[in-house]
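Engineer: The chain contents come next:
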Amino acid sequence: MSDLNIGVEELESITADVWNTFVGEDAVVLPFPSERPNHDADVTAHVRIRGSVAAAVVIACDTASAAELARRMFDLGPDAEAGAEDVADAIGELANIVGGNVKSLAPDAASLTLPEVGTGELPGDSLGVPLCWVDVVWDGGQAGLSIWTGDVNTSSSTVGESVIGGTAS
Amino acid sequence: MHALVVDDSRAMRRIVGGILESVGFETLQAEHGQDALDVLAEAGAKGITPSLACIDWNMPVMNGLEFVMAVRTRPELRTMTLMMVTTESEHSQIVRALAAGAHEYLIKPFTADAMMDKLRLLGLMPEVVG
Numbered sequence: 001m002s003d004l005n006i007g008v009e010e011l012e013s014i015t016a017d018v019w020n021t022f023v024g025e026d027a028v029v030l031p032f033p034s035e036r037p038n039h040d041a042d043v044t045a046h047v048r049i050r051g052s053v054a055a056a057v058v059i060a061c062d063t064a065s066a067a068e069l070a071r072r073m074f075d076l077g078p079d080a081e082a083g084a085e086d087v088a089d090a091i092g093e094l095a096n097i098v099g100g101n102v103k104s105l106a107p108d109a110a111s112l113t114l115p116e117v118g119t120g121e122l123p124g125d126s127l128g129v130p131l132c133w134v135d136v137v138w139d140g141g142q143a144g145l146s147i148w149t150g151d152v153n154t155s156s157s158t159v160g161e162s163v164i165g166g167t168a169s
Numbered sequence: 001m002h003a004l005v006v007d008d009s010r011a012m013r014r015i016v017g018g019i020l021e022s023v024g025f026e027t028l029q030a031e032h033g034q035d036a037l038d039v040l041a042e043a044g045a046k047g048i049t050p051s052l053a054c055i056d057w058n059m060p061v062m063n064g065l066e067f068v069m070a071v072r073t074r075p076e077l078r079t080m081t082l083m084m085v086t087t088e089s090e091h092s093q094i095v096r097a098l099a100a101g102a103h104e105y106l107i108k109p110f111t112a113d114a115m116m117d118k119l120r121l122l123g124l125m126p127e128v129v130g
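Chains as they are written, first to last, in the numbering used here: chain A, 1 to 169; chain B, 1 to 130.
Hint data in this document are derived by calculation from the structure and do not stem from the laboratory. Just so you know, these numbers come straight off a predicted model, no measurement behind them. Just to be clear, a hint being listed does not mean it is correct.
[To be verified] Per label pair, the in silico range of CB-to-CB distance: (1) Gly51(A) <-> Thr49(B): 44 to 50 Å; (2) Asn5(A) <-> Glu76(B): 25 to 31 Å; (3) Gly51(A) <-> Leu121(B): 54 to 60 Å; (4) Ile94(B) <-> Asp3(A): 47 to 53 Å; (5) Ala84(A) <-> Gly101(B): 45 to 51 Å; (6) Glu26(B) <-> Gly83(A): 22 to 28 Å.
[Said to hold, decoys possible] Every beta carbon over 12 Å from chain B, so not counted as near; a handful from chain A, in silico: (7) Asp17; (8) Thr63; (9) Glu81; (10) Asp108; (11) Glu121; (12) Gly128.
[Said to hold, decoys possible] Selected chain B positions facing chain A (in silico; Cβ < 8 Å): (13) Lys46; (14) Gly47; (15) Thr49; (16) Ser51.
Heads up, the beta-carbon is just placed ideally off N, CA and C, and yes, glycines get one too.
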């Protein structure tokens, strides 16, 4: 098992690219880290990376932010409300895209699981330890993205990316 | 001209489909490879073969690579251009997809301009082919 050669700078870059492309050009990755990755938000999505590395990519945000992500990705009107399936689809796909870009930095062959979307606190014990994290904000929402490595279980799920920036010491 | 968008994310199907429709394609959609084969069979019964398929890689039931390989076994679909639209960005994965029969590769995240550049490269911009 190899180390995942990625830090907060790479996560910031990937997050900015994905959010600016699919959420909006007003999205900004905050230039300062929170103390801990936020993984007890209302809505979470994660994907796992298997193979040469064991890692997970997590997105976490509150309900209103998740709805705004879906509203933008589905190009819903300003007065339209996103349904639960739209929210799960949108945040899951964002996790998939960020996870795929993180996976591309793995030193050897690795695979990506399908996204898993949930509510409430993530199963932190199965995610290993946080490697780095960022926060991203946009008009109408914010989210936290984090990368976890190490003691990852064999669940087939994959979800999310996060919003606040930091690196585990 | 028809295009088939194969992605398990409805949001991504909307985004890709929207770009293609903005340049004149009529789009068909499928949520995984097997669904795409079913959609193609149904369209074929009506005399429609899409000129282009935009294919995600990581999908349940039948993934994008398996779909490409399945399409390549069907002579009636030989005119359909296959473009992977995926987060699988490692060189080895791109080589696998091209070796299996994909014609082009677009990595997520992508802009509408990037997709249109690929369409021009493939000679599939509707104004180019008339």
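Engineer: Take the hints in turn and mark each one as holding or not.
Structural biologist: Verification of the supplied hints:
no. : hint                               : result
1   : Gly51(A) <-> Thr49(B): 44 to 50 Å  : 37 Å, violated
2   : Asn5(A) <-> Glu76(B): 25 to 31 Å   : 46 Å, violated
3   : Gly51(A) <-> Leu121(B): 54 to 60 Å : 32 Å, violated
4   : Ile94(B) <-> Asp3(A): 47 to 53 Å   : 24 Å, violated
5   : Ala84(A) <-> Gly101(B): 45 to 51 Å : 38 Å, violated
6   : Glu26(B) <-> Gly83(A): 22 to 28 Å  : 26 Å, holds
7   : Asp17                              : 5 Å, violated
8   : Thr63                              : 18 Å, holds
9   : Glu81                              : 16 Å, holds
10  : Asp108                             : 10 Å, violated
11  : Glu121                             : 25 Å, holds
12  : Gly128                             : 21 Å, holds
13  : Lys46                              : 28 Å, violated
14  : Gly47                              : 32 Å, violated
15  : Thr49                              : 28 Å, violated
16  : Ser51                              : 25 Å, violated
Checked against the numbered hints given earlier, the structure breaks hints 1, 2, 3, 4, 5, 7, 10, 13, 14, 15 and 16 and satisfies all the rest.
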